[in-house]
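Full structure from sequences and hints, please.
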Amino acid sequence: AQTVTQSQPEMSVQEAETVTLSCTYDTSENNYYLFWYKQPPSRQMILVIRQEAYKQQNATENRFSVNFQKAAKSFSLKISDSQLGDTAMYFCAFMKLGTDKLIFGTGTRLQVFP
Amino acid sequence: DVKVTQSSRYLVKRTGEKVFLECVQDMDHENMFWYRQDPGLGLRLIYFSYDVKMKEKGDIPEGYSVSREKKERFSLILESASTNQTSMYLCASNPTGAPQETQYFGPGTRLLVL
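From first to last, the protein sequence lines stand for chains Y and S. Every letter in the first sequence is one number past the one before it in the numbering used here, and letter 73, counting from 1, is 83. Every letter in the second sequence is one number past the one before it in the numbering used here, and letter 54, counting from 1, is 44.
Calculated directly from the structure, the hints in this document are not laboratory data. Just so it is clear, CB atoms sit at the ideal spot from N, CA and C, and this is done for glycine as well. Check before you lean on any hint, since a few could be wrong.
DSS-like, lysine-lysine: derived pairs with alpha carbons at most 30 Å apart [as the list claims (entries may be wrong)]:
#, chain 1, residue 1, chain 2, residue 2
1, S, K(-7), S, K8
2, S, K43, Y, K106
3, Y, K80, Y, K65
4, Y, K80, Y, K106
5, S, K(-7), S, K60
6, S, K(-7), S, K61
7, S, K3, S, K45
8, S, K(-7), Y, K106
9, S, K3, S, K(-7)
10, Y, K83, S, K47
11, S, K45, S, K61
12, S, K60, Y, K106
13, Y, K88, Y, K106
14, S, K47, S, K61
15, S, K43, S, K60
16, S, K61, Y, K106
17, S, K(-7), Y, K88
18, S, K47, S, K3
19, Y, K106, S, K47
20, Y, K88, Y, K65
21, Y, K83, Y, K106
22, S, K61, S, K43
23, S, K(-7), S, K47
24, S, K45, Y, K106
Just the calculated beta-carbon pair ranges, DEER-fashion [claimed, not checked]:
#, chain 1, residue 1, chain 2, residue 2, range
25, Y, R73, S, K43, 39 to 45 Å
26, Y, E39, S, M78, 25 to 31 Å
27, S, G87, Y, Q66, 22 to 28 Å
28, Y, Q93, S, D41, 37 to 43 Å
29, S, M17, Y, K65, 22 to 28 Å
30, Y, L94, S, M17, 28 to 34 Å
31, S, M78, Y, N77, 25 to 31 Å
32, Y, L57, S, N74, 27 to 33 Å
33, Y, N68, S, N74, 38 to 44 Å
34, Y, Q121, S, S(-3), 29 to 35 Å
35, Y, T15, S, F10, 30 to 36 Å
36, Y, T28, S, E52, 41 to 47 Å
Set out below in C-alpha cells:
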C-alpha cells in the first residue's frame, strides 16, 4: 500500500522569504502522479502543482516549484517570495496511475508573517 | 470552472440521528469521493463512486453509507451519528482516467455530533 508522509506539522515564514515543505512517499509503483494541494483557512481546497513521475523535469507554477527525487521518493514544495495569501494547510498527495484515487499526507500548516 | 457544492457548511446533530450530507458537481464527472478531515490525520477516504449506483469502500467506511442515484449528486449518510463522527467532511470529483485533472473539492461540511 502507498503511504505519504509530511513530517512538518507546522511551519512559518516571513513575507517575501522562501520556504520548503517536505513530503516523502512509499510505493512500489513506477507510474504515478504527485500533487500539492492548498487549503486556506475556511476556504476550498485547491490544486497548487502536479508532477508526473515519468517526467524528470521538476514542475513549476509561478512562485511554486517542486523538487522531485524519484529514487529517494521525495517531493518537496518550494514557495518563493512568500505572500500573506499563502497562509494555509498544504497537503501532499499521491495517485497511482489508473486508480483516480488520491492518498494524502497529514498536512503542513504554513503561516506567513508580515 | 468546475464547481463542487455541499449542502451545508456547518451542521450540528445529536447522537443517534440520521445525517445526510449532500454533494453536487456540475462538470459531468464520473468519479465522486467523500473524505473526512481530522487534525493530524489529513484526509481519509470514506467512500467513492465511479458511476451512478456504483460505490466502493474507502479506508474508513464503518458507520457510513452512500448513495448515488444521479451522476451529479453523491450523498453521504451517517445512519446513527456518534460523537466520534464529529469532523470536517469534504466531497470531491474528477473525470475517469484523467489523473492530470486531479480532484476538485467542495467547501466542506463541518459536522458536530453532540
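query: What hints, given by number in increasing order, does this structure fail?
result: none
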